[in-house]
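Using our numbering, the first residue of the sequence shown is number 4, and each one after it goes up by one.
Please note: incorrect hints may appear among the correct ones.
As the list claims (entries may be wrong) - For each label pair, taking beta carbons as the anchor points, the in silico distance ranges come out as:
| no. | residue 1 | residue 2 | range |
| --- | --- | --- | --- |
| 1 | Asp318 | Gln90 | 45 to 53 Å |
| 2 | Gly232 | Ala406 | 32 to 40 Å |
| 3 | Gly197 | Ser330 | 24 to 32 Å |
| 4 | Ala244 | Asp24 | 54 to 62 Å |
| 5 | Tyr42 | Glu170 | 52 to 60 Å |
| 6 | Arg242 | Lys106 | 27 to 35 Å |
| 7 | Asp24 | Gly197 | 38 to 46 Å |
| 8 | Cys212 | Gly380 | 43 to 51 Å |
| 9 | Asp24 | Lys229 | 49 to 57 Å |
If you're looking for bench data, these hints aren't it; they were derived computationally from the structure.
We put the CB at the ideal spot given by N, CA and C, even for glycine.
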Amino acid sequence: MKELLKQRVMERLNFSQEISDDYLKEVIQQEIVKVSKDYPMLLSDKIRLKQEVFYALRKLDILQDLLEDDTITEIMINGSENIFIEQYGKLHRYPGHFSDAEKLYQVIQQVASGANRMVNEKNPIVDARLEDGSRVNIILPPISIDGATMTIRKFAKEPMTLEWLCEREAFSEEIAQFLKILVKARYNIFISGGTGSGKTTLLNGMSNCIPKGERIITIEDSAELKLNGIENLVRLEMRNANAAGENKVDMNELIKAALRSRPDRIIVGEVRAEEALSMLNAMNTGHDGSISTGHANSSKDMLKRIETMVLMGVDMPVEAIRGQMASAIDVIIHLGRSYDGSRRLLEISEITGMTTGQIAVHQLFELDDEDQMQMKGELVNRRKLKEYGQYETYQKLMEYFKARDQPMEE
């Protein structure tokens with residue numbers, strides 16, 4: 004029915020001329036009235052068809068509904084017939100699909116064009132950003148064997164705070180308070196986790212705990228962070244090379260530029276390569292309270308990854324690299340997905356120094372089998388707590404965890 008209506012509307016209109024949305028909707032409504040004489044339908048079906056045909060002709064077809072649904076955080080399109088969405092933190096298959104591969108290709112071209120990107124056989128892999136800040140990755144055949152794919156990570160309209168994450172059961176209010184203490188006490192923090200584990204979301208939430216009077220510089224490959232209330236804010240974004248392979252500005256250059264701009268803190272969206280050394284240098288040279296993220300399977304794995312990334316850009320002894328890391332990083336927060344597929348904070352660990360050439364990792368919290376964060380130890384290095392006025396708040400919170408986790412007497 005949708006395709007029949009779309010065809011009838013297209014036969015009536017000249018799309019080479021400018022057509023207003025209101026006029027297009029009026030024509031669609033007229034055609035629905037005509038068609039319903041032969042094919043009786045409910046009012047709700049007429050309303051749905053009108054919207055679907057309008058989206059197919061003027062907007063992004065079936066994708067438009069998904070983009071406008073605030074409960075959906077990620078959209079994965081694997082060819083014209085297979086669409087998956089993340090909704091309320093869980094992945095599931097979406098029942099709808101594109102009419103055919105050609106329609107999907109048209110929508111992909113609309114998305115790419117709107118983001119000022121070109122995608123074709125010569126340039127089959129494209130990263131872009133929608134007007135609302137949502138991130139898009141497109142892969143075309145023949146690279147994508149079973150048809151064109153498009154992944155959209157939507158940009159939240161409301162500010163992502165730690166309270167927002169608590170409401171979605173990522174962690175408890177007490178863990179949120181602990182994270183807030185770490186930020187206010189200017190601990191240098193690395194957030195680790197796999198793809199889609201919620202690293203950027205947590206980074207956003209923690210960044211919104213930064214005191215409003217500080218000068219903050221954010222560095223990202225694609226701007227996603229949404230910091231509220233900070234007036235002295237500088238946002239930097241990587242630039243890919245043009246078609247001639249020129250004018251690239253990478254993460255390493257941006258971190259070095261940020262260091263010359265007198266920041267109080269530097270926030271790096273994700274460390275992936277040799278820029279890891281520049282980030283460590285920033286943390287070691289008076290920019291306490293800096294935060295970054297990285298891909299890893301655990302806190303200890305994150306340390307190994309950082310070590311490897313530093314070696315990608317410089318030839319220096321491994322022990323010297325580890326010394327830099329132990330001096331620069333205070334806390335590692337590891338994220339993942341629980342058994343039901345929802346995002347969870349799995350572990351919080353403190354870096355306490357070096358022991359026999361190895362980085363010493365002291366576990367603070369760990370998610371137990373009942374989905375509750377159990378306290379495993381207290382912070383060893385408390386200088387920053389005292390220096391930035393967070394010591395008493397921290398002590399009271401630790402008393403709560405000790406009382407909560409104390410075994411009940413029989």
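Cross-check of the supplied hints:
1. Roughly 47 Å separates the CB atoms of Asp318 and Gln90, a value that falls within the hinted 45 to 53 Å.
2. At about 34 Å, the beta-carbon gap between Gly232 and Ala406 stays in the expected band of 32 to 40 Å.
3. About 27 Å separates the C-beta atoms of Gly197 and Ser330, a value consistent with the hinted range of 24 to 32 Å.
4. Between Ala244 and Asp24 the CB atoms are about 38 Å apart, so this pair departs from the stated range of 54 to 62 Å.
5. Between Tyr42 and Glu170 the Cβ separation comes to about 45 Å, which falls outside the hinted range of 52 to 60 Å.
6. For Arg242 and Lys106, the hinted distance range of 27 to 35 Å is satisfied, since their beta carbons lie about 32 Å from each other.
7. For the pair Asp24 and Gly197, the beta carbons lie near 41 Å from each other, so the given range of 38 to 46 Å is met.
8. Cys212 and Gly380 have their C-beta atoms about 23 Å apart, which leaves the hinted 43 to 51 Å range violated.
9. Between Asp24 and Lys229 the CB atoms are about 29 Å apart, so this pair departs from the stated range of 49 to 57 Å.
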